[in-house]
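A.B. asks: First to last, the sequence lines map onto chains D and Z. Sequence positions in the first sequence follow the numbering used here and run 1 to 377. Sequence positions in the second sequence follow the numbering used here and run 1 to 297.
FYI, nobody ran anything at the bench for these hints, they're computed from the structure. Treat the hints with care, as some may be off.
[What the hints assert, rightly or not] Here are the simulated DSSO-like cross-link-like pairs (lysine-lysine), alpha carbons at most 27 Å apart as the crow flies:
| no. | chain 1 | residue 1 | chain 2 | residue 2 |
| --- | --- | --- | --- | --- |
| 1 | D | Lys-334 | D | Lys-278 |
| 2 | D | Lys-148 | Z | Lys-73 |
| 3 | D | Lys-361 | D | Lys-261 |
| 4 | D | Lys-356 | D | Lys-256 |
| 5 | Z | Lys-205 | D | Lys-134 |
| 6 | Z | Lys-205 | D | Lys-122 |
| 7 | Z | Lys-285 | Z | Lys-12 |
| 8 | D | Lys-65 | D | Lys-202 |
| 9 | D | Lys-121 | Z | Lys-119 |
| 10 | D | Lys-256 | D | Lys-148 |
| 11 | Z | Lys-12 | D | Lys-148 |
| 12 | D | Lys-134 | D | Lys-256 |
| 13 | D | Lys-148 | Z | Lys-205 |
| 14 | D | Lys-202 | D | Lys-134 |
| 15 | Z | Lys-12 | D | Lys-124 |
| 16 | D | Lys-361 | D | Lys-334 |
| 17 | D | Lys-124 | D | Lys-134 |
| 18 | D | Lys-148 | D | Lys-121 |
| 19 | D | Lys-256 | D | Lys-280 |
| 20 | D | Lys-122 | D | Lys-134 |
| 21 | D | Lys-202 | D | Lys-280 |
Residues per chain are reported as follows:
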Amino acid sequence: MGTISLKNISKSFGSTQVLNNLNVDINDGEFLTLVGPSGCGKSTLLRIIAGLEQQTSGDVLIDNKNVNRVRASERDLAMVFQSYALYPHLTVRRNLETPLRLRDYNGFERLPLIGNFSPSKKEKTESINQLVNKTSETLKISELLDRKPGQLSGGQRQRVALGRAMVREPVAFLMDEPLSNLDAALRVHMRSELSELHNSLKTTFVYVTHDQAEALTMSSRMAVMIDGNLLQLDTPQEVYDNPSSLSVAQFVGSPKINIFKGTADSSGTISFLNVNLKRKSSESNTDLHIGIRPEHLEITNERNENTFSGTVAYRENLGSDIFFHVNIEDGSNKIIVRGLPQFTHQISNGSSVNIKRVSDKALLFNQAGMRVQFTNA
Amino acid sequence: MEAKQYIGEGWKHAILIIGAIVVMLPFYMMVSMSLKSQQEIQSISGGLIGAQETQTFPVCVKTGYSEETCTMKPYQYNYWFAFEKAPIPRYLMNGVIVTLSIFIIQVLVALPCAYALAKLRFYGREFVFSMVLFCLLIPVHGIALPLYVMLAQAGLVDTYSALILPWTISVFGIFLMRQFFMTVPDELIDAARMDGMGEYAIVWKVMLPTAIPALLAFAIFSVVAHWNDYFWPRMVITGNRDLFTPPLGIREFRGGIDSDEFGPMMASIVTVTVPLIVAFIIAQKRFIEGITLTGMK
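If we strip away everything but chain Z, and leave its shape as in the complex, we get:
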C-alpha cells in the first residue's frame, strides 16, 4: 500500500518537474547568455557561465572605446556594455513611474466604484455593473487606434500621460474588487456608519484594509501587465527615448549596424526582469499572509 502511494506521488512529482523545467528553461538560457561571451553563445558551449576568459570585445572597440576599456571578463562586459549602450536605469525608472501611477489611479477609481456597485443601492446599479462586464469583453487592441487618435488630438503623444491615462480605469479591477466587497458583511459597513464614518471614509478606512488580499492579487495583474507591455508604449512613444519603458529599451539591442550581440541584450533583459520577480516574490508572501489575515467571521 505504502509503496503504491509513493509511486503515485512520484508520478505527480515527475510531471510537475517536467512542467517546471519547461517554464524555467528560458530563464536559465537568459541568465546563462547574459554571462557568456558571444562566441560561447553562438557555439552553444560553456555551460551555465562559460569560461569567463578575459578578452577584448570588438563591438565595444567599434563603438569608440579604447582597447584597454574593452578588455574584461564576459559577464562584466555584458552588464557594463548594456548600461553603456542604453540608459537602462532611466528605462527602469520610467517603468516604475508608469506602472505605479497606473496602479495607484486604478485603485483610486476602482475601489469607490466597486464599493458603490457592491454595497450601495441606487437606481441603475445592475445596468452599470452589466456595462462593467461588457467592457471586460473589449480587447485593448481593438480600441488602440481610436485611443491613439484621441491622445494625438489632445497633443499627449510622447508624454507620460499617454502611457498612463488610457489604463487608469480598470474594469477588471472594478469587477475583482466588487466581487470581493460582496463578501464583506453589511453589518461592518453599518457599524462604521453608526460610528460616524462617511461613505468615502468607509471605502478607505474599512473596505481597503479588509480587501488587502484582493488588492494584492490585482496589483500583481496590473503591474505585470503594464511593466511588460510593449504594444502600447511602442504606439504612443514615437521619438523621445527618455520616455522609453523597459520593454522598449530592450529593443535598442536588436539588430543595428554591428549585428546582434546577445550577451549585453540578455544582460539588459535580466536587469528588466529582476525587479518584477523580486516584487512578485515579496507580494506572494504577503498574499498568503493576507488570506489568513481575514478574521471576519
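In isolation and in its complexed conformation, chain D is listed as follows:
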C-alpha cells in the first residue's frame, strides 16, 4: 500500500507564503507528477511529504496514518534527488547498502569491528547483499558496484541514486527533478525507463518536474502548481485538452498555446480578429481570451471569413513538424502555427500566409484567466 493524502497543506517561510492550502490524494501505485514553473512550491511540497520540511499547517497522511510528527527516516519513503546526492566517499555498493544497514542493523551491530560479534549480523548481511545484488541487476549497474560515484557518468549516477531508493522497497518513491542533470537524449531515454520501472514495481511515485513534457509522458495523473496553488489535478490528456485556467493552458504544451483577444456579444457570439466562432460562449458581453494550440491551426491557400492572414517571422524546422511564428496582419499577435513538412516546406521567412483553424478546438478563458465553457446549444 502506498496512498498519500495531503490535507490543507500550507507552508510559509517568514512572511512569504509558499504553499496555499493544498489538498491532494495520491492513490496506491500511481505515478503522480507535480509540475509547475520554478519557484511554484512543488519541491517544498515534496519535502513536506518526505518529512524533510515541516508544514506550517495541514496534515500529511501516509496509508491513512497521520505522519506529521514522524521523522523522515521512519516514513518509509525513498527519495531521488536532482544532484543524486550519492555519498562521494563510498563505493556504489556501500551507497546502496547504507539505507539497509541503517534500517536492519541495530546500534551495536553498526559498530566497527566489535559489531561483527553479534550473532544475528551475518544473516542480516546476507539479506542486505541479496537485496543489493537484486537491485543492481534490475538497474544493470552490477559492474559498477566497486566504483566511487566520482568515477561514474551522469546516467550511471542516476541509476545508482534510483537503486539506493529501491533497495529499501519503500511504500512510495519521491523524485525531485531526477532527470534535469542529464543531457537531452539520455533524459528522453530515462523517461521510458522510469515508466517501465514504475510499471514493474507498481509502487507509488511522486515526481516533481518543471518540464511539462516529462509530466505529460510519464504520469498517470499530473498536478499543475503555480505560485503555491494547485490549479489542476487530472490525467495528462485531460489537463492538455481541458485546462482549467489560462495559466495551466499556457504552461502545458510546447510550443505554447496561442492566445487571442476576443469578445462575446450579448448573444454569446464569440469573435476575434475577423473570425466568428460557430459555438457560443456561456458568458456574454465580456472580453475573452481565446486559446488555440499550434496544432489546431493550419496554413491554407483559402482566404475567406474563417481565415486570417499574417507574415512568417521565423520558421522552426523540427524535421517531423515545422512551426511557423507568424505576425498577424493587424499587429496584435504573434502566434505559432504547426505545419506538416510535406505541405509547407516551400514557405520561407517573410512570406505571407493564410491561417485556418481546426473547428471545435478553441478554449475560452475570461479576464480572470478562468475557463469559460461553450453553451451546448
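Knowing the structure of chain D, use the given hints to seat chain Z on it.
C.D. replies: This is chain Z only, laid out in the frame that chain D set:
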C-alpha cells in the same frame, strides 16, 4: 618570441630561488651545526659537515663521563650528548600526546559546531556565528593570564590538562569547517536523513569524510601551532620536567655552567623539527589528493 619567454621564466625562477634560499638557509645552518664540532662552529669553518675528526669533548668530561666515553666523532657526540643531557624521547612523546589530544578534541568540538552553524536552522544561529568570528579577534596572549589563574585555582598547573584544555575549542577550526560545510550540498544531508541517519551520524559519517581536505589543512595549522608553542607550556609547566614539550626541552641547552654548546643544541632541534617536517610532507601529499577526491558535482 621564444627567447623572450625564457628570459621571463628565468626571472621568475631567479626570484623564487632567492626566496627559497632565504627560507632554507636557517635549516641548512641548523643541520650543519648539528654535525660539526664546537671549534668548527665558532670559527665558521668546515662547510656542511666539518672535518669529523675523532676528538675528546671537554664539556662531556666535565659532566662526569670517562674520557674514553667522550672520545668520538663530532656528529656522534652531538646527537649522543643531546639525548644524554635531556630526555628528548620523553619530550617528543609529550609533544605527540599534547598536539594529538588537542587536535582530536578540537575536531570533536568543531565538527558538530560547524555543522550546526552551516546546515541547521535554529534561532540565534547568526548571533552564535558572529560570536565565533568575534572570538577569532581575541589574541591568545591577551587572555593568557586569566586562563592561568583559572587553571591554578583548579589545581591543574603542571599537568597535561593545563597544556591541552585551553586549546580544545578552536574558533578557527569551527570557522574553517563551517565555511567548508557551506559548500556541501543540502541534498546530500537530506539523502542521509531519508536513509535514516541521525544528525550526529551525519556529522561523522557524511560530513567528516567529505571534509577530509579541509580537515587536513586544519590539522596542519593546529599541529604546527601547538607543537611549536613555547609561550603556553612555559607558563603552565613550572617545575615538572616530565611534562616538558619539545620547545621547552630545547631550552635545557641554553646557557648553564659550561657556556653554550651549539652542537648538541642543534642536534636536539633537528630531532624536534624532523617529525613535524615528515608529518607535513605526508599530509601535503594527502592534501593534494584530497582536493581532487571530491566528486560532489
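A.B. asks: Hinted pair, alpha-carbon criterion (27 Å max): Lys-256/D, Lys-148/D. Please report holds or violated.
C.D. replies: violated, 42 Å
A.B. asks: Below or equal to 27 Å on CA atoms is what counts here, so check Lys-12/Z against Lys-124/D.
C.D. replies: violated, 62 Å
A.B. asks: Does the structure keep Lys-124/D and Lys-134/D at a Cα separation of 27 Å or less?
C.D. replies: Judged against 27 Å, a Cα distance of about 15 Å means the pair holds.
A.B. asks: Is the Cα-Cα distance between Lys-12/Z and Lys-148/D 27 Å or less?
C.D. replies: violated, 40 Å
A.B. asks: Regarding the pair Lys-256/D and Lys-280/D, is the alpha-carbon distance no greater than 27 Å?
C.D. replies: Holds: Lys-256/D and Lys-280/D sit about 25 Å apart, inside 27 Å.
A.B. asks: Does Lys-280/D sit within 27 Å of Lys-202/D, going by the straight-line distance between their CA atoms?
C.D. replies: Judged against 27 Å, a Cα distance of about 45 Å means the pair is violated.
A.B. asks: Given the hinted pair Lys-121/D and Lys-119/Z, is their Cα-Cα distance within 27 Å?
C.D. replies: violated, 34 Å
A.B. asks: Hinted pair, alpha-carbon criterion (27 Å max): Lys-334/D, Lys-278/D. Please report holds or violated.
C.D. replies: holds, 24 Å
A.B. asks: Check whether the Cα positions of Lys-285/Z and Lys-12/Z lie no farther apart than 27 Å.
C.D. replies: The given pair, whose Cα atoms are some 25 Å apart, holds under the 27 Å limit.
A.B. asks: Within 27 Å, alpha carbon to alpha carbon, are Lys-361/D and Lys-261/D?
C.D. replies: Status holds; Cα separation ~16 Å.
A.B. asks: Hey, Lys-356/D versus Lys-256/D, does the alpha-carbon distance stay inside 27 Å?
C.D. replies: Roughly 18 Å separates the two Cα atoms, so the pair holds.
A.B. asks: Does Lys-134/D lie within 27 Å of Lys-122/D when you go C-alpha to C-alpha?
C.D. replies: Holds, at about 18 Å.
The earlier numbered hints that this structure contradicts are 2, 9, 10, 11, 12, 15 and 21.
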